[in-house]
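**Student:** Take these sequences, add in the hints, and give me the full structure.
As they're listed, the protein sequences go chains A and B.
Sequence positions in the first sequence follow my numbering and run 1 to 329.
Sequence positions in the second sequence follow my numbering and run 1001 to 1497.
Hints are computed from structural coordinates only; laboratory data are not their basis.
Where hints are given, some of them may not hold.
These stretches of chain A come out as covered by chain B in the derived footprint (C-beta under 8 angstroms, 3 or more residues) [what the hints assert, rightly or not]:
#	segment
1	130 to 138
2	186 to 199
3	205 to 216
From a predicted model like this one, the values you see are computed outputs, not experimental measurements.
Backbone N, C-alpha and C fix where the C-beta goes; we use that ideal spot for every residue, glycine too.
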Amino acid sequence: MSTAQKSDTHSIAEGGRRGRVITRDRILAILPIAILLVVLVILGISTPNFMTTRNIVNVLEQSSALALLAVGMTAVLVGGGIDLSLPANLALAGVVGALFMRGGGNPFVAALIMIASGTLVGAVNGYSVAYFRMIPFVVTLAVQFIAVGAATWLTESVSIANLPMSFVNTVQFRLSRMPVHVLMVAFLTLVFYVLFRYSFFGRWLYAVGINARAARISGVPAQRVIFGTYAFAGMTAGLAAVITVGRLMSASALMAGENAVLDVISSAVVGGVSIYGGVGNPLGAALGALLITLISNSMNMLRVSYYLTLVLKGVFIIVFIWLNSLRRK
Amino acid sequence: MSAVGLRMVNIQKSFPGIQALKGVDLEAYAGEALAVIGANGAGKSTLMNVLGGVLRPDSGEIYIHDEPAEIHSPLDAARYGIAFVHQEMAMLPTLTIAENMFISTFPTQAGLIDYRTTNEQSAQALARLGCDFPPGTRVSHLSPGDRQIVEIARGLLIHPKIIIFDEPTSSLTRREKARLFDVIAGLKTEGVTVIYITHFLDEVFSVCERAYVLRNGETVGGGMIKDLTYQGIVQMMIGAKEVTSYFGQKADQAGELALKVEGLTRSGVLQDIGFELHKGEVLGLWGLLGSGRTELLRAIIGLDPIDNGKIMVRDHGNLKPIQPKDAMNWIGMLTENRRDEGLLLPMSVKSNISLANLRGLVTNFWPLVNAGLETTLAEKFVNRLAIKTSGLNQPVATLSGGNQQKVVVGRWLERNPTIFFMDEPMRGLDVGAKAEIRTIITELAQSGTAVLVVSSEIEEIMSVSNRYLVMHRGRITGELPGTADKDELVAAAAGNR
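**Tutor:** Written out as structure tokens, the structure is:
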């Protein structure tokens, strides 16, 4: 009331609305974290060997590629789009790089090729969405088929193994017990977090996600921003391909994984990224990826059926999207 | 004026931290038009939302024709014969007019929609408003003014005992307005209670018999319109504040050429537009809704494509041709719809001010926005434009309309535009905020900016312009000096020369 009285009469009614939004928002902002903590505690108690160093490192290792994809997805979601092709993009990039190495190519160049391949596919998505105004859902779904199809066709459905040990060893290199790629992903996540939040193009991204028309009229190059989000997501898919191929010591179209998209989207949503655009950050998404991996990991250790795990994960996403929509009101 | 059609007693409604209605009493008679007047945030929308079943009051009673009414939802309201014609139209653009009008109450036959009745009834309701568009027309094909007419027709469908008009004329042409006023007169003779909410005091004087003035959630005055004066109502609306003359100081005369447009054409929308805009002048772009005013502004700054035309701006002393996509380097733009096209509502005042200038807040090679510079920038404009805010981090959604508009102005001022386009800069603002925006426009011109103002309100545009361009059906049909009077402007806009 006091602030309302200080300001002029115009803002009285609005001031009231603001007060309500904040309290409601606070509860809804805390709720997901509370749910996560509860889930973690339940898993920690019920799962044997859950808190062992070995299991923790294992979970981190499993989640690093997913976390990268979730960070990429965050850019796209914040900009108001969605990219369903990320895991397929990863698979294609991995296959292309692996084939290059099998042909005698330099492993370092192969890694660059994977990143370039991922970025290129992302750029195709981005160009279609930003400049041809195609619907993201449909474009990226189609690109998903193209990428998986291409990867399967290139490999003739066979896994490309026997990759140079220098590549595998580099990716799997550990500092004491911690794989370096985990540290790298953690570092990149923090860098992207800062860039999203404080850089001018980060601001542009949120501006476009919140109100694309207003952003455009304010001189924000909205099309370039949208294009950039998909290219960026593609780049994270390329990077994730490097990690995945190095960890598996092979590449195949199967890396796309039937339900991998579900994991990427759930990671982002659980991490507080809004599917309506304009809200969320890479750090949350990466933590979301960690949680999703933890759930899969614990279910696995508890010998819960894979299919039941899928059901639970699906329910989980719906709950979080519901919370998301509550916050929007 | 006999029976009490509506009585609202001691209506209270509070939102956390604020009491929006502090016990308002309201009485409306059958067959009268009652104006509910107030500045933004005075509580008039809250009060009407209570009556329309959109909001539930904390306490208070409502009587309709002396029967106590329990209104918990808009459907309840409709059952009591209350129709609410909303200002912001919620229409389904891919459906037809008839489908939109009947969306919640389709007449059915054997479980299927009875399209014959639907179409007949909607055609009748539209005919009452003097409109003859076929009820099968898709709403997406209608202009905003026509949509408003459909919205009003929808309100008439339930044969209301009480009808609330919330700013019904803001997107209507003069002819449509006249028709609406005839309909209101007709409703009154049928004994319907008309409640009329508007910012446009002129309309209150021509449509209503009685008025309530609200301020800060309380009734502060009112009475029979014939006993009230324009000045008196304004005084009540804004309280103790001095009422500055509605027609303030205009900017001085024009300087050198700032913008020259030649042969600008966008097929079907703009035809061979040419005009000049000078430094230090306020050029009023005047025409009816749909004459192409907004479209012209959008085409010049590259928001809509053009087929032909030349745009030249003064740059370092020389007139230089530019592409529309680069126009924003010289031209600032205030759009007609600040909520949809101007602001990032959930974001802070600070982020909204810095939005057009983020690249300027970056120090070499380091892409991060410098927080200190950003705060300084925001503070500068909050002070300079007297933006009333509880802090730079206040979400802009919670500011009043006038202050939101100032935020958008401030955003552009930092870029030092030599030219400023303002599309309906005073729309939806209360009298006090309008005066402030007017002062800002005048000051901008006096400091050498070339300002182009579009407004549908003749008083608004007359209060700032020192020259007029008249648009009619996508063409510039004339130019009038700043001394032109109301009749000349009205005649010119209608296409008479």
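**Student:** Does each hint fit the structure? Answer for all of them.
**Tutor:** Checked hints:
Residue count for the segment 130 to 138 of chain A with a Cβ under 8 angstroms from a Cβ of chain B: 0. That is fewer than the three needed, and the coverage hint is violated. Remark: the segment 186 to 199 of chain A is confirmed as covered by chain B, as 4 of its residues place a Cβ nearer than 8 angstroms to a Cβ of that chain, reaching the required three. By the rule of at least three residues with a Cβ nearer than 8 angstroms to a Cβ of chain B, the coverage given for the segment 205 to 216 of chain A holds, with 8 such residues.
Taken one by one, the earlier hints fail for this structure only at number 1.
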